[in-house]
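Okay, so the sequence shown: first residue is 4 according to the working numbering, each after it adds one.
Calculated from the structure, these hints are not laboratory results. There may be inaccurate statements among the hints.
Claimed, not checked - Calculated lysine to any residue pairs in the SDA-like style (CA-CA distance at most 20 angstroms, straight line):
1. K258 with L244
2. K148 with L214
3. K109 with P86
4. K217 with V205
5. K182 with C172
6. K182 with R147
7. K182 with I142
8. K218 with T208
9. K232 with Y194
10. K343 with E330
11. K218 with Q141
12. K148 with S210
13. K232 with P290
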Amino acid sequence: MFRKHENCTYHKKSVLIAENTKSIVTKKTESIINQVNAQRRLDIEKKNRKRLIPIIQTIRFCGRQQIAVRGHRDGGRIGLEEPEKNDGNFRSLLRYRANSGDSDVKDQLIYSGGRSMYTSSFIQNEIINTFSHLIQSQIVRNVRKSCQFYSVLADETTDISQIEQFSLCVRYVEDQSYKIREDFLTFIPVYDVTGAGLANTVLETLSILGLDLKKMRANVASVLDLLSKQRVNANDNFKTLYAQVKEITAKLDIKEEIPRVCRLQTARNNVPYNTEEEYYLRAVYVPYLDDFCNSLKEGFESHKETVASLQHILPEFCTKTDFYSLEAAFNFYKEHLSHKEVVQSEFMSWKEK
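Using the sequences and the hints given, assemble the complete structure.
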């Protein structure tokens with residue numbers, strides 16, 4: 004009797020319905036309605052992505068050709084007829100594309116709803132920012148891949164809205180071609196225009212971008228300029244620094260003291276002072292800045308002749324001089340070069356070219 008019932012058609016259908024219901028309840032299978040809605044959602048997403056392609060291509064074209072995107076007006080629908088006033092290169096290029104036989108763009112401009120046009124300034128800015136992040140990430144990858152070191156070029160400017168900002172570029176040697184590249188990274192709004200504030204802004208930005216600060220080689224002239232300004236404004240800068248030190252010593256319950264001094268002992272810092280702050284300013288802070296600036300000057304002044312002689316490798320100079328003009332550079336790098344005769348032969352061959 005049970006086997007007869009088991010082979011009945013209505014029993015098989017009931018078992019199938021029960022299994023489907025159980026799968027839906029336990030979330031193993033989506034219901035028919037959800038499956039239809041999911042497929043419809045995928046179709047809509049695919050259609051919307053297809054609509055975005057010409058928008059992205061047009062903005063990319065404007066960027067590569069370095070032409071402005073917007074015109075006198077940049078809102079509303081884009082008609083197929085030429086407007087009375089210029090509505091910008093972006094809208095004109097889409098209109099030209101639609102009138103030149105691109106049926107997808109034409110249908111989008113004619114039949115799309117207001118929220119599915121994807122031509123508003125908001126969408127344009129999002130696409131431009133996405134391009135910016137992609138290019139920036141590629142430059143950072145190139146710097147990481149290229150070599151062990153890089154340098155940063157920063158210039159303080161003011162934009163049209165009178166906001167102080169840094170234009171930040173990176174200089175590095177390309178991995179494959181061994182050519183020196185200078186690539187723009189970003190604009191940075193600047194709120195602290197002091198030397199320390201600008202330096203902190205650059206360091207924070209490089210850290211956010213993911214560049215290794217240990218591989219950065221700073222411009223010595225910029226460092227000297229910053230230290231010189233610190234030296235000129237030593238009194239004001241030290242007041243701020245000393246106030247921070249006093250806060251730390253107060254928390255640690257450390258008393259401000261001056262080392263024992265003696266007027267007759269020349270080995271000690273016997274500078275005249277009235278307060279503890281004045282003593283440490285004259286005995287520690289100012290001498291440290293002076294010594295650091297002098298060490299930078301002495302360390303890099305000695306390489307002036309070497310750097311000057313290196314320029315004679317360039318075609319502009321090598322045809323007008325002889326190998327002996329490279330003597331200083333050769334002596335500096337001789338541990339990394341072949342014999343002097345080999346280098347001289349290479350120089351003469353390069354000169355003949």
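Taking the hints in turn, this is what the structure says about them:
1. Between K258 and L244, the direct Cα distance comes to roughly 17 angstroms. Compliance with the 20 angstroms bound is thereby established for this hinted pair.
2. The straight-line distance between the Cα atoms of K148 and L214 is roughly 11 angstroms, inside the 20 angstroms bound, and the hint therefore holds.
3. A distance of roughly 16 angstroms separates the Cα atoms of K109 and P86; the hinted pair therefore holds under the 20 angstroms criterion.
4. Between K217 and V205, the direct Cα distance comes to roughly 14 angstroms. Compliance with the 20 angstroms bound is thereby established for this hinted pair.
5. Between K182 and C172 the alpha-carbon distance is near 16 angstroms, which keeps this suggested pair within the 20 angstroms criterion.
6. Taking the CA atoms of K182 and R147, the gap is about 15 angstroms. The hint holds against a cut of 20 angstroms.
7. Annotation: proposed proximity of K182 to I142 holds, straight-line Cα distance about 15 angstroms (limit 20 angstroms).
8. This hinted pair checks out: K218 and T208 have alpha carbons roughly 15 angstroms apart, not beyond 20 angstroms.
9. A threshold of 20 angstroms between alpha carbons decides the hint, and for K232 with Y194 the separation of about 19 angstroms falls inside it, so the pair holds.
10. This hinted pair checks out: K343 and E330 have alpha carbons roughly 10 angstroms apart, not beyond 20 angstroms.
11. With a C-alpha separation of about 18 angstroms, the suggested pair K218 and Q141 falls inside the 20 angstroms cut-off, and the hint holds.
12. Distance check on the hinted pair: K148 and S210 sit about 17 angstroms apart at the alpha-carbon level, within 20 angstroms; holds.
13. Under the criterion of a C-alpha separation no larger than 20 angstroms, the hint pairing K232 with P290 is consistent with the structure, at around 15 angstroms.
Against the hints set out earlier in the document, no violation occurs for any number.
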